[in-house]
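Q: Sequence:
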Amino acid sequence: MTAFLKTKRLISILSLLFMAVFLSGCASGGLLDRLTGGGEEGELGGAPVFSDAGGVSYTAQLHGVEKDALREILRGSSQLIALEDRLPRSLGALRRRADEDVERLKTALKSEGYYDGAVDITVTGKSEPATVDIVVEPGPAYTLAAFDIEYVEEQPAEPPALSDIGVNLERPARAPEILGAEASLLRFLERHGHPLAKVEGRSAIINREEKTMRVRLKVDAGAKAAFGETGIEGAPDVKEDYKRALVTWEEGAVYDEEAVEATRRAFAATGLFSSIGIEKGDQVGADGKLPMNVQLSEAPPRSVGFGAKYSTSEGAGADASWEHRNLFGRNEKLRASLTASELEQSLGFLFKKPRFLDPGQELTAEATLKNRNTEAFDEQGLTAGIGIERPWRENWRLSAGIVGEYTYLKDEFSGTTFQLFGLPLTASRDTSDNALNPTQGTRLTFNVTPYAGTGSGALAFTKLSATGSAYHALDEERRYVLAGQVRAGAILGEETDQIPANKRFYSGGGGSVRGFEYQSAGPLDAQNDPLGGRSLFEVKSELRIKATESIGVVPFVDGGSAFDAAYPDFQEDLRWAAGLGLRYFTDFGPIRLDVAVPLNKRDFDDDFQFYISIGQAF
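Numbers 1 to 618, taken from UniProt numbering, label the letters of the sequence shown in order.
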């Protein structure tokens, strides 16, 4: 009997323990909620619940909003719409999601100036999927009747007009515009000598009868100040005088926040610093000046780079580079580059000294030793030059210099040594948004180089070229980009056979008209070897489609030719090719694979050409 009682007691204890564990698991797993209607899982009253392991599927529709802009804002604010793919576990959870959306959508309406708006959401769960109808009555949009600025201390000598801070009365009283005007007010004051301006308080009063809003800001403009003493900390390997030369404000000048941002951009443009902090003092001194402090962290001054490419017409190639960006402590750059391919081997050096005689001016010096073997000519030579480059107007850069060349050129019949001096003049403009993968903007380059020297006789000619590229995204996400390029050139002063072969124009190849062999889209000799020409015209068009985050597809058409005449002769046929490319997007730029076929193929042309390199084609 005793054993029986002990066994019974043990069973009772185990049963209680099991029930406790079971109920605990139910509570944590949501079973009690499903049984009682609590938590996020259940539904009372025996209503149908179309639920499985994935939850309750539903469709949400927004009704009653005619304006597209407001509709998109409400859709973006609705969790019912945003989380439509994340299924709630029950109709009860779906209804709670709807209840939360009511307040969320009312808030969105108010932010757009609709203070009488009403929102009603109906959830119907009698079929699968459940239906959710979001009915919105925006009501009238309240307009901004007044935007009052009350200065708690002395009013600034130059207070902003409402138009200066982007305020337009009688427009809808939208929260983003009101907050933007507040930020613009502070920026205006900071740009006009009030670095410590701040908003002390704000209020917005709506008049439901007149459907208007009145905004009032309390602003402490702070004392008017001038730039004070500037301290610079960090980056000891950069010379102190160079760091101070990058500061765009002068001590004693009226404080202007734009000068602070210009200084930040000047430091960043050097590439010498990994972090740039500019702090202003907490209070204006008795002398009316505000102390400033620039804190810098130095970036590694040296870097190396590598690249590779391959094409059926030009073969394999690789290049490597080494760069020092702070050679003598004042942002002097020295770059050494090595190129090795089946067609060309070269070693080059480029030196740049910024702020040469003028803050925006740069001194450049370069030298290149080159060996090249093509179907058109063989070349061994040395080129050296020096020049000055500087900005001009918005987005333009101008450069001018002098270059000397000593080159031995050999064709099928003979070899000639050329000694040339040139005066290269270049104007370029670049508004594109990315060097390797542009999606917006344009690029323009104009080159004029008069040459004089000797070869088989005295030489004097001028080479002109122009290249323009444009990029236009067809959608906001920039997944579809239309890109085009036009290139033209002319050589004046000598006949084709008197111009050194390495100075003539050639067309065809991966950087030119894809689908044709390197240099073959132009005048040819009896053996179909390129002769080059005195002029050039090329046109390219691409549709760059970003299919996924890492893969892109690019259909393209290229056309062009070199011409024996001094100017492009459009009576002659252009070489046309079409193709398809793949892009693999990486952190450092897209890897390009293009396959192109000639559309007006000649007997000796290959059926296709393909190219692999880093970056877009142009």
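Hints were generated in silico from the structure; no laboratory data involved. Certain hints may be false.
Simulated pairs of lysine to aspartate or glutamate, DMTMM-like, Cα-Cα distance not exceeding 25 Å [unchecked claim]:
#1 K280 - D378
#2 K309 - D256
#3 K106 - E137
#4 K198 - D99
#5 K352 - E257
#6 K353 - D241
#7 K106 - E177
#8 K198 - E251
#9 K224 - E261
#10 K126 - D164
#11 K370 - D319
#12 K280 - D319
#13 K280 - E233
#14 K333 - D430
#15 K218 - D256
#16 K309 - D587
#17 K333 - D319
#18 K410 - E389
#19 K198 - D164
#20 K410 - D256
#21 K224 - D319
#22 K353 - E261
#23 K289 - E332
#24 K239 - E154
#25 K211 - D430
Q: Sort out whether D378 lies within 25 Å of K280, counting only the CA atoms.
A: 62 Å, violated
Q: Take a quick look at whether K309 and D587 sit within 25 Å of each other, Cα to Cα.
A: 18 Å, holds
Q: Given the hint that K410 pairs with D256, test it: the Cα-Cα distance must not exceed 25 Å.
A: With Cα atoms ~62 Å apart, K410 and D256 exceed 25 Å; violated.
Q: Between K309 and D256, is the straight-line Cα distance small enough, at 25 Å or below?
A: 49 Å, violated
Q: For the pair supplied as a hint, K333 and D430, is the alpha-carbon distance within the 25 Å limit?
A: 22 Å, holds
Q: Take a quick look at whether K352 and E257 sit within 25 Å of each other, Cα to Cα.
A: 31 Å, violated
Q: Need the status of pair K106, E137: alpha-carbon distance at most 25 Å?
A: Holds - the C-alpha atoms of E137 and K106 are around 10 Å apart, at most 25 Å.
Q: Holds or violated: K370 with D319, Cα cutoff 25 Å?
A: Distance of about 14 Å is within 25 Å: holds.
Q: Mind checking the alpha carbons of K126 and D164 for me, to see if they're no more than 25 Å apart?
A: The hint is violated at about 57 Å.
Q: Hinted pair, alpha-carbon criterion (25 Å max): K280, D319. Please report holds or violated.
A: Between K280 and D319 the Cα gap is close to 46 Å, so the pair fails against 25 Å, i.e. violated.
Q: For K198 and D99, compute the direct alpha-carbon distance and say whether it is at most 25 Å.
A: Roughly 38 Å separates the two Cα atoms, so the pair is violated.
Q: Is it true that the CA of K218 sits at most 25 Å from the CA of D256?
A: 22 Å, holds
In terms of the numbered hints stated before, the structure departs from hints 1, 2, 4, 5, 10, 12, 18, 20, 21, 23, 24, 25, listed from lowest to highest.
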